[in-house]
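Asker: These are the residues of each chain, in order.
Protein chains: 2
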Amino acid sequence: MPYSAIRKLAGYADKAKKRGVHVFHLNIGQPDIETPVEIFQSIAEHREKVLSYGPSGGLLDLRVAVVEYHRNLGFDIDIDNVWITTGGSEAIIFAMMTACDPGDEIIVFEPFYTNYNGFSIMSQVKLVPITTHVEDGFHLPHKDVIEAKITKKTRAILINTPNNPTGTVLTEEEMFIVNNLCKKHGLFLLSDEVYREFVYDGKRQVSALSLPDISDQVIVMDSISKRFSACGARVGSIISRNKMIMDRILKFAQARLCPPTLEQVGAIAAYKNIHKYIDPMIAEYEKRRSILYEGLNEIPGVYGTKPEGAFYTVVRLPVADTDDFCRWLLTDFHDNNKTVMLAPANGFYSSADKGKNEVRVAYVLKEDDLRQAIGVLQKALEAYQK
Amino acid sequence: MPYSAIRKLAGYADKAKKRGVHVFHLNIGQPDIETPVEIFQSIAEHREKVLSYGPSGGLLDLRVAVVEYHRNLGFDIDIDNVWITTGGSEAIIFAMMTACDPGDEIIVFEPFYTNYNGFSIMSQVKLVPITTHVEDGFHLPHKDVIEAKITKKTRAILINTPNNPTGTVLTEEEMFIVNNLCKKHGLFLLSDEVYREFVYDGKRQVSALSLPDISDQVIVMDSISKRFSACGARVGSIISRNKMIMDRILKFAQARLCPPTLEQVGAIAAYKNIHKYIDPMIAEYEKRRSILYEGLNEIPGVYGTKPEGAFYTVVRLPVADTDDFCRWLLTDFHDNNKTVMLAPANGFYSSADKGKNEVRVAYVLKEDDLRQAIGVLQKALEAYQK
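Quick mapping for you: the protein sequence lines, in order, are chains P and Z. The letter at position 92 of the first sequence is residue 104 when you use the numbering used here, and the numbering goes up by one with no holes. The letter at position 284 of the second sequence is residue 296 when you use the numbering used here, and the numbering goes up by one with no holes.
Derived by calculation from the structure, the hints in this document are not laboratory data. Please note that the accuracy of each hint is not assured.
One copy or two, it doesn't matter: identical chains are merged, so the pair holds either way.
[To be verified] List of simulated lysine-lysine pairs, DSS-like, C-alpha gap at most 27 Å:
#, residue 1, residue 2
1, LYS255, LYS195
2, LYS284, LYS61
3, LYS165, LYS138
4, LYS30, LYS255
5, LYS195, LYS165
6, LYS196, LYS27
7, LYS29, LYS61
8, LYS263, LYS30
9, LYS263, LYS138
10, LYS161, LYS398
11, LYS263, LYS27
12, LYS27, LYS61
13, LYS378, LYS30
14, LYS164, LYS61
15, LYS29, LYS288
In this text the structure is predicted, and so the values were computed from the model without any measurement.
Kindly produce the complete structure, drawing on both the sequences and the hints.
Answerer: What follows is the structure, given as structure tokens:
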């Protein structure tokens, strides 16, 4: 079981802060957007005599709210297709354990969300990585490259669109390639769509739920964490039209009894008020995305393509080892008592030596802070290269 | 992965209720004791701009409250010995995955909490059952019987005292037997102590935390669900003095990011007010325990020993197959439109054919309902035996 690639530099950051250095956090995916007040209000108003076990599959009213949310997006989903999970994390664990037996394989495109590693170890599933590249904007390779990795043990392809850490949004063509491979080889498609709304330049995400041919093979893993800036609530969901799969997932859900009740009450209120929150939030992230992209592009030796979605991008830096550089930023560098924290990209790859000169940058800071952070990063790179 | 033994008759109960039959729930461990109002109050008062990820090991204030709670009980525990989990369920999963590699064995005494089965499958750990018997009040067998089950693959002994489903509280002598076996064979002791306070007749639970010789081998799994009648909160904890173990558990905790924040805020308030709640609650359960035990003893053919703790007991009924009897209670029987729901005990055994004539009875009903339920059960047994 590995340490979290995202959290492993936290100790150095704490020490920098104790020395009085301000740390710009470009390393974590913790949105700074205000959480909908309806979440707190609805929970504050909720009283019951006994805070008893809820249903293992989640509160009925929340499942109804999740169905409504999907129907408004145009997906034909009903109440039997939705279970509520304790965060998107649990949705991923349940999906892996349900789709696979121990020793089975899941194809995944690296760099990928680092915690897939931990969940695959918990599930005793082998992740088979296919590398994508910064020059291609981390889009998928040719279908033959993917197909060559399919073995008798392959049970699923795992995608994440919009993507953490790359910000890449899979195109309709790429989704059809995945659709066709899953259809041809009888694979599950595990689709992590927690950043569904975070797509820029007027484009829209293509959901696995819209694929026509593999309706019974799709398992979508979702969460309210990013959509409603409510990461601490730990409310997610798992969506599938496959009755047998939903039945099997319920067994795992029953073993852990139920998701947290009060935070589910808050999630119901959030979904009911979703129209107030999504558009302004996406506009804010789109603005930051452009500031970040333009700012990074002006730094000599920094290379990345324009982020299409989510609130991350992976860029190449003019350094040999970003693990060392990111630690140095916290231990040895400051510019007027300010420094930057970044996530070394190597931890998002499954292959041991990949991404050594790349970092993940999250744009979860306000405009002014983001501009300052980019300036500090530029000075840091100049200093480090000396 | 098995269906939950506790929840599998739920569909029949729903249908009985639709027919207008009142069902006395003696089947589930859902306390009817009022949840401390401070839990709801503190959560209602909690506002933050962004409901962000909390620490993976739990909110610091809650860890401090859990330390205080342990110190008041006389246990030498400090902040580094405590992680907060999403319910006791997650504490059990983390403990199994940390103590064992896939294929390793854990010795467990059956009947046991049915969800250990599910968690062991998720952890790829083999549970090796040692059967205890109603005639012995489900106390442990001779140490040689336990020792004979220890193999090269055994990594831990799992105990649960006070016990769900049996209500048995392990004596000091039994705890020393377990202590000595763990010491001699270098095994972890996984100790599920969620019912710690639920001990009657003026006795006290002997915690694994008080064992002198195996301080570094003990992993305690705990929860606020029963202690504060807050099952829906999903707040548990895992306690160990072994630094390496705590470090490994944190990796699993980091993968799933954090426990639910708001319910942790409620748990802090509950621990701060624990002195108001425990004694009256235990007095209430002790009264019910006596009513249940005396009532069941008056039914011809029903056999069980006096429950010592928790709020369950396993008794033998004068029927061949309690699976059939418990279903029949819901589908075919009523007495003045009332019936009883019980949990067939077979689901609490790992050995396939054990407990066929036993049921688990939970005493989570108020005195009057409990007396009525016992009366209905007596009539049902008479009718069924005809």
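Asker: Does each hint hold? Answer for all of them.
Answerer: Hints, verified against the model:
no.: 1; hint: LYS255 with LYS195; in the structure: within (18 Å within a copy, 48 Å between copies)
no.: 2; hint: LYS284 with LYS61; in the structure: both (25 Å within a copy, 20 Å between copies)
no.: 3; hint: LYS165 with LYS138; in the structure: both (9 Å within a copy, 23 Å between copies)
no.: 4; hint: LYS30 with LYS255; in the structure: between (53 Å within a copy, 25 Å between copies)
no.: 5; hint: LYS195 with LYS165; in the structure: within (16 Å within a copy, 41 Å between copies)
no.: 6; hint: LYS196 with LYS27; in the structure: neither (53 Å within a copy, 43 Å between copies)
no.: 7; hint: LYS29 with LYS61; in the structure: between (44 Å within a copy, 22 Å between copies)
no.: 8; hint: LYS263 with LYS30; in the structure: between (47 Å within a copy, 25 Å between copies)
no.: 9; hint: LYS263 with LYS138; in the structure: both (22 Å within a copy, 18 Å between copies)
no.: 10; hint: LYS161 with LYS398; in the structure: neither (42 Å within a copy, 64 Å between copies)
no.: 11; hint: LYS263 with LYS27; in the structure: between (44 Å within a copy, 21 Å between copies)
no.: 12; hint: LYS27 with LYS61; in the structure: between (45 Å within a copy, 26 Å between copies)
no.: 13; hint: LYS378 with LYS30; in the structure: within (23 Å within a copy, 55 Å between copies)
no.: 14; hint: LYS164 with LYS61; in the structure: neither (53 Å within a copy, 49 Å between copies)
no.: 15; hint: LYS29 with LYS288; in the structure: neither (36 Å within a copy, 41 Å between copies)
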